[in-house]
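Let the hints inform the model, and build the full structure from the sequences given.
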Amino acid sequence: MAHFPKPAAGSWTENWPELGTAPVDYTDSIDPEQWKLEQQAIFRKLWLHVGRVERLPKAGSYFTREMPSVGAGTSIIVNKDKDGQVRAFYNLCRHRGNKLVWNDYPGEEVSGSCRQFTCKYHAWRYALDGELTFIQQEDEFFDVDKADYPLKPVRCEVWEGFIFVNFDDDAEPLVDYLGDFAKGLEGYPFHEMTEVYSYRAEINSNWKLFIDAFVEFYHAPILHMKQATAEEAAKLAKVGFEALHYDIKDQHSMISSWGGMSPPKDLNMVKPIERILHSGLFGPWDRPDIKGILPDELPPAVNPARQPTWGQDSFEFFPNFTLLLWAPGWYLTYNYWPTAVDKHIFECNLYFVPPKNTRQRLSQELAAVTFKEYALQDANTLEATQTQIGTRAVTEFPLCDQEILLRHLHHTAHKYVDKYKLEQAAKAATNGSASKTEKEGANV
Amino acid sequence: MSETNGTKERLLPEEFADLERFSDWILPTEPERYAKRLASTMEEMQNLYDVGMARLEDVMVYLDARFPLHGMPDDAKRLMHLMQSVVMVSFPVEVWKQPRVLDSGAAWVEIVREPVV
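These protein sequence lines map, in sequence, to chains A and B. full-length UniProt numbering puts the first sequence at residues 1 to 444. full-length UniProt numbering puts the second sequence at residues 1 to 117.
If you're looking for bench data, these hints aren't it; they were derived computationally from the structure. Among the hints, a few may not be true.
Quick list of the computed label-pair ranges, beta carbon to beta carbon [said to hold, decoys possible]: (1) A/Arg155 to B/Glu57: 48 to 56 Å; (2) B/Asp64 to A/Gln85: 36 to 44 Å; (3) B/Arg113 to A/Arg392: 38 to 46 Å.
All values reported here derive from a predicted model rather than from experimental measurement. Note that CB positions come from ideal geometry on N, CA and C, so glycine has one too.
Here it is in structure tokens:
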């Protein structure tokens, strides 16, 4: 039955017995209290991807990020200082708390470059490393020492050009947190792929539901049936979907899939414009002229089953960062930023090697346009799911072996929340009644 | 063209003057092209698609033989923007048979950063 070998345990799911095979309770995606706990246990404690180093081309380059998933109003500045170090700070002036970097609308993200940060309110100035360098009418203040008022830093570390921040000062180093999948991806030519298309959507569903949609391709032959030619769609639906490989390492996971149509075996399988532009959902067919993307050049974590039909790997770095590598030499990232139990902001970036001519440029254009067509369908399906599970008419749902990573995602989110609850309970026990204010502060 | 009648400035390279009637599809950014798509009839998009698809290969050969991607004169750039609109209407024409993505309902995905030719 299976076209690709499964583990000796008999299935992918049973290879990780702690996941179980029973129907999964989706209350974690509709319970507002669970979301509040996830915010404390996950989004305030784990490493979060906020952008690529290419957005900071020189000393003084910066961009701001709104981080509602961490807490209402939370905003950070990510910048490159004089020594080339990437840093992050709370976007807040130490004088009276005005938002430091913004234009026109305080809630909107901005980017640019500057020699220093100057507050709009009273012109306090900060160096690129966060040091307070100027206080307007300094002698009007009482015993003020500028060294005591630098910008408040946020943990910021870079892996292979991906910038991450962490709001927990005690968190483990980024590379330790990302673990073996990240180690096995090192050396992939991410830095060559600097032609970027960025998308944003506000989605009326729990953040985990969109990850659910992207870590299984069981849906692909059905939901996206119309995008293929009629004959091809019928064939795909009949065969269904099987991954080449799944893997789980602690909180992170990956799915490896076959190559599909890049390039197609038969030109009749694809739409007329794809035939002219040599491109489609799976990206431009013609590989760019760079090192590091041919099958035998790929780093060890990519195409782990060493399948000749390999087409893409999707790495799911918990909690909310998807890194998807395509065989023809491009990649994309997704981030899912919850703002409520039933709302999140979805971000996507497509990264290509800069095109050298109009042929390559239009080929990438078609891939980008195609991506959006699919994303719109996926996004709308999520809202339809959220409203129905929200009724609690049914709370448990059966997941198949091709949906193992959904099982792992919900299991992992639960694990972090449960650990957090235990820690809070232990703190409350040791502090006795004195912990009352702390508990309230934790928003449990 | 413009020299002979003296009334209208030429927008596209002379070799592609026949595409000038689609000049309202010369749009440099994705949000403009996407909005135009949603505001157009299938007949309008089918016309652009039919003519554009027939010239797409010629356009790439013409432009790539003459200019670097980031050093095109304005008329060549406009031709490129028009071809990007051909890509934009290809899904409504080839797949959906309607301007909107099928089953996309209230969903909205916007592009926030893109390379502009």
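Numbered hints the structure breaks, given as an ascending list
none
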